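**Student:** So you can see what is in the structure, the chains are spelled out below.
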Amino acid sequence: MRFGGFGALGKIMADWMSIKWLLWISLYLILAVFVPWATSLAWAHQHGSDLRPRPKQLFERGELGLVGLVLGISVIWDLLQSQYMPQTRALGSVLLAVSGTMAGAVWIETYCRHSTGMRSNPERAWRDSRNLAFFVFSLAVVIEILLDRFAKVTAS
Amino acid sequence: MSAPAPALAKAPRRTVTVRLADVAVTVAYLSLIFGFLLVSFPVSFARIIQNSWLNGNLTVAMMVIALSIDACLYVRIAYRLSAKPTVLAAACLGFLPIVVVAGLSSCLQGAVNYTVSGDLPNLQARVGEEILAHTYLGLVSGIFLPFLVIRLLQQLKAARSNRETESPSQTAASVSSY
Chain E
0 MRFGGFGALG KIMADWMSIK WLLWISLYLI LAVFVPWATS LAWAHQHGSD LRPRPKQLFE
60 RGELGLVGLV LGISVIWDLL QSQYMPQTRA LGSVLLAVSG TMAGAVWIET YCRHSTGMRS
120 NPERAWRDSR NLAFFVFSLA VVIEILLDRF AKVTAS
Chain G
0 MSAPAPALAK APRRTVTVRL ADVAVTVAYL SLIFGFLLVS FPVSFARIIQ NSWLNGNLTV
60 AMMVIALSID ACLYVRIAYR LSAKPTVLAA ACLGFLPIVV VAGLSSCLQG AVNYTVSGDL
120 PNLQARVGEE ILAHTYLGLV SGIFLPFLVI RLLQQLKAAR SNRETESPSQ TAASVSSY
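Each protein sequence line maps, in turn, to chains E and G. With numbering that gives the first Met the number 0, the residue at position 103 of the first sequence is 102, and numbering never jumps. With numbering that gives the first Met the number 0, the residue at position 121 of the second sequence is 120, and numbering never jumps.
Since the hints were made in silico from the structure, they are not lab data. Since the model is a prediction, treat every value here as computed from it, not as a measurement. Glycine included, C-beta positions come from ideal geometry on N, C-alpha and C. Keep in mind that a hint or two might mislead.
[Said to hold, decoys possible] Quick list of the computed label-pair ranges, beta carbon to beta carbon: (1) E:A37 / G:L152: 19 to 29 Å; (2) G:L152 / E:R53: 35 to 45 Å; (3) G:A60 / E:V93: 20 to 30 Å; (4) E:R118 / G:K156: 28 to 38 Å; (5) E:W23 / G:N161: 23 to 33 Å; (6) G:I47 / E:R51: 43 to 53 Å.
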């Protein structure tokens with residue numbers, strides 16, 4: 000078996016149409032990060048407050064981890080709808096679920112620590128949730144690119 | 000005989016506490032590089048991976064990449080924290096990437112056999128895409144999962160030692176789960 004011809008994907012130039020998935024995933028970032036931040040600024044303006052929270056302050060309890068979890072769930076849904084073999088679908092879904100759960104765990108732990116009066120570090124919660132959400136985001140981007148390629152192959 | 004000077008007594012170095020967030024950033028950048036290569040070189044990059052799988056080099060290459068990145072990440076974390084690497088973590092990092100990548104390679108073989116046995120159109124391209132997806136998922140799993148196991152083991156160990164020396168202040172200083 001050789002992969003020289005490669006059927007419908009037989010073009011050497013860059014396949015920039017795959018970038019559309021980046022735009023689709025960016026909607027999550029806009030709706031989950033930018034809109035809450037802009038809303039907090041609008042609230043402060045409406046109430047004549049000096050409050051000018053930065054995203055870091057707004058999500059200091061690890062809420063970005065929840066964004067990562069929601070993003071992971073939606074990509075799992077896409078993956079399960081695809082025509083990949085069951086092994087591939089299972090592997091991708093488990094990986095997304097594990098990384099999304101770990102991202103969500105940042106918020107859960109920060110909440111539990113705060114509620115029980117244990118020592119919690121907002122700086123660390125922000126950094127960990129941001130890094131893990133970025134990880135889920137990158138996984139989602141690549142899996143959507145792979146799904147896009149596979150859809151073209153099955154359609155041809 | 001004079002008593003030993005406390006200032007000269009060497010303080011024990013703490014062991015490396017792995018945080019998934021440190022590993023996550025590296026894997027995220029690796030993912031974005033993979034995605035960029037897929038978008039920029041949709042045919043040639045895919046062909047390199049598929050041909051190396053046909054030649055039987057892909058699994059070994061993935062093991063080497065996963066082991067190298069895991070080792071570099073662990074050493075970097077230890078250096079940054081000025082902490083002592085533990086034997087258990089080193090053993091996990093030496094053993095788990097190989098097990099994960101080997102397991103996923105057999106899983107890929109199963110997926111390819113499943114694809115070939117079905118009467119599907121455009122078979123070669125389908126197999127190629129399965130190889131590509133497994134390569135990516137195998138790399139990410141080979142790097143991320145060993146650190147996840149180490150993290151969970153460390154948390155288990157910390158919880159056990161907290162139970163043994165139960166006191167409110169020590170419970171409050173327990174490690175986080177992420």
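**Student:** Would you mind marking each hint as holding or not holding in the structure?
**Tutor:** Comparing the hints with the structure gives:
In this structure the hint that E:A37 and G:L152 lie 19 to 29 Å apart at CB is violated, the actual value being about 42 Å. About 36 Å separates the C-beta atoms of G:L152 and E:R53, a value consistent with the hinted range of 35 to 45 Å. Against the hinted window of 20 to 30 Å, the Cβ-Cβ separation of G:A60 and E:V93 comes to about 23 Å, which satisfies the hint. Distance hint check: the CB atoms of E:R118 and G:K156 are about 20 Å apart, inconsistent with the given range 28 to 38 Å.
Separated by about 44 Å at the C-beta atoms, E:W23 and G:N161 break the suggested range of 23 to 33 Å. The hinted range of 43 to 53 Å is satisfied by G:I47 and E:R51, whose Cβ atoms lie roughly 50 Å apart.
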